[in-house]
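As they're listed, the protein sequences go chains A and B. Under this note's numbering, the residues of the first sequence are numbered 1 to 110, in order. Under this note's numbering, the residues of the second sequence are numbered 1 to 149, in order.
Just so you know, the hints here were simulated from the structure itself, not pulled from any lab data. Since the model is a prediction, treat every value here as computed from it, not as a measurement. One should not assume that every hint holds.
Below, in silico cross-link-like pairs of lysine to aspartate or glutamate (DMTMM-like), each with a Cα-Cα straight-line distance of 25 Å or less [stated by the list, open to error]: (1) A/92 / B/89; (2) A/29 / B/13; (3) A/92 / B/13; (4) B/104 / A/37; (5) A/92 / B/61.
If you want the footprint, here are the derived chain A segments under chain B, 3+ residues with CB under 8 Å [unchecked claim]: (6) 19 to 26; (7) 31 to 39; (8) 48 to 55.
To give a feel for the contact side, a few chain B residues facing chain A, derived at Cβ under 8 Å [unchecked claim]: (9) 10; (10) 14; (11) 15; (12) 40; (13) 51; (14) 84; (15) 103; (16) 106.
All C-beta atoms in this analysis are idealised placements derived from N, C-alpha and C, irrespective of residue type, glycine included.
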Amino acid sequence: MPFQVSKTGDVTVVDVDGQLIVGNRQELKQKVLEELEAGERKFLIDFSNTGYIDSSGLGVLVSLSKKIREKGGELRLAGLNEDLRTLFELTKLDTLFRIAESREEALQGL
Amino acid sequence: METTELTLELPSDIRSIEQAVDYVMERCSACCRHGHRLHFNFRVGLTEALANAMLYGNGHDPHKRVRVEVRVAGEEITARVTDEGDGFDPSGVPDPTHPGNLLKPCGRGIYLMRSLMDEVEFNDRGNSVTLVLRLDEGGGEPLAGGASA
Numbered sequence: 001m002p003f004q005v006s007k008t009g010d011v012t013v014v015d016v017d018g019q020l021i022v023g024n025r026q027e028l029k030q031k032v033l034e035e036l037e038a039g040e041r042k043f044l045i046d047f048s049n050t051g052y053i054d055s056s057g058l059g060v061l062v063s064l065s066k067k068i069r070e071k072g073g074e075l076r077l078a079g080l081n082e083d084l085r086t087l088f089e090l091t092k093l094d095t096l097f098r099i100a101e102s103r104e105e106a107l108q109g110l
Numbered sequence: 001m002e003t004t005e006l007t008l009e010l011p012s013d014i015r016s017i018e019q020a021v022d023y024v025m026e027r028c029s030a031c032c033r034h035g036h037r038l039h040f041n042f043r044v045g046l047t048e049a050l051a052n053a054m055l056y057g058n059g060h061d062p063h064k065r066v067r068v069e070v071r072v073a074g075e076e077i078t079a080r081v082t083d084e085g086d087g088f089d090p091s092g093v094p095d096p097t098h099p100g101n102l103l104k105p106c107g108r109g110i111y112l113m114r115s116l117m118d119e120v121e122f123n124d125r126g127n128s129v130t131l132v133l134r135l136d137e138g139g140g141e142p143l144a145g146g147a148s149a
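All chains should be built: construct the whole structure from the sequences, respecting the hints.
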């Protein structure tokens, strides 16, 4: 399973294993939206075990961020490797998301 | 100078992208210098070109195919990705990094191609894109593509 959902306190944590790409982006979107509809408001997506995110994957993160904010919630990202950070910086999405070095750092204050 | 050429015909099935890119990367790795620009810049560029061809060019039509032609000559890789769609005007794609476009879920694929490859050229019809990456440029830095970020 590329997307593992767990809880740390009141934060919903999603671990992305492998890739977030056009072929599986809808699965991530569905999992997060299900949690959002169930009343969860604090989300952390951990990319520590992620090798690649394509533009469709970036698009899904943008879409989720928007929906979570509309419900008064917050989405943070963590664990991006150097290549993934480059993609966020190139597309200026690093200005849109709160990106932490680690899961622990992201959970602080969330 | 040693030259390697490779041609693939793919169905318009987004599930085939990962496997196709892995195969091309494996073949390219075997015949040219391993480097970050190959494994990052070229992988991103090819993946985005295939996704665009299947999703927008062929409109998910499983009966339409995508042709991938890859040529490795020395330290230069050229990939041409052609779909069977009507084409589009690449100059009409808005800049996804413009503040007004940051919240849009689409439109980053071509931008990433232009940012990470040395050359990106569409044919007149707009259904075929040619990507060129020179592996020996930029000292292995991933951002040394042809377009400004």
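Status of the hints after comparison with the structure:
1. A/92 / B/89: 24 Å, holds
2. A/29 / B/13: Holds. Residue 29 of chain A to residue 13 of chain B sits at ~20 Å (cutoff 25 Å).
3. A/92 / B/13: Roughly 29 Å between the alpha carbons, so the hint for residue 92 of chain A and residue 13 of chain B is violated.
4. B/104 / A/37: OK: residue 104 of chain B and residue 37 of chain A at ~22 Å, within 25 Å.
5. A/92 / B/61: Since the Cα atoms of residue 92 of chain A and residue 61 of chain B sit roughly 32 Å apart, the hinted pair is violated (cutoff 25 Å).
6. 19 to 26: holds (count 4)
7. 31 to 39: violated (count 0)
8. 48 to 55: holds (count 3)
9. 10: With Cβ-Cβ at 13 Å, over 8 Å, it is violated.
10. 14: 5 Å, holds
11. 15: With Cβ-Cβ at 5 Å, under 8 Å, it holds.
12. 40: Result: holds, 5 Å to nearest chain A Cβ.
13. 51: 5 Å, holds
14. 84: Where the cut-off is 8 Å and the nearest Cβ of chain A is about 19 Å from residue 84 of chain B, the hint is violated.
15. 103: Hint holds; residue 103 of chain B Cβ to chain A Cβ min 6 Å, cut 8 Å.
16. 106: Holds, about 6 Å.
When held up to the earlier numbered hints, the structure conflicts with 3, 5, 7, 9 and 14 and fits the remainder.
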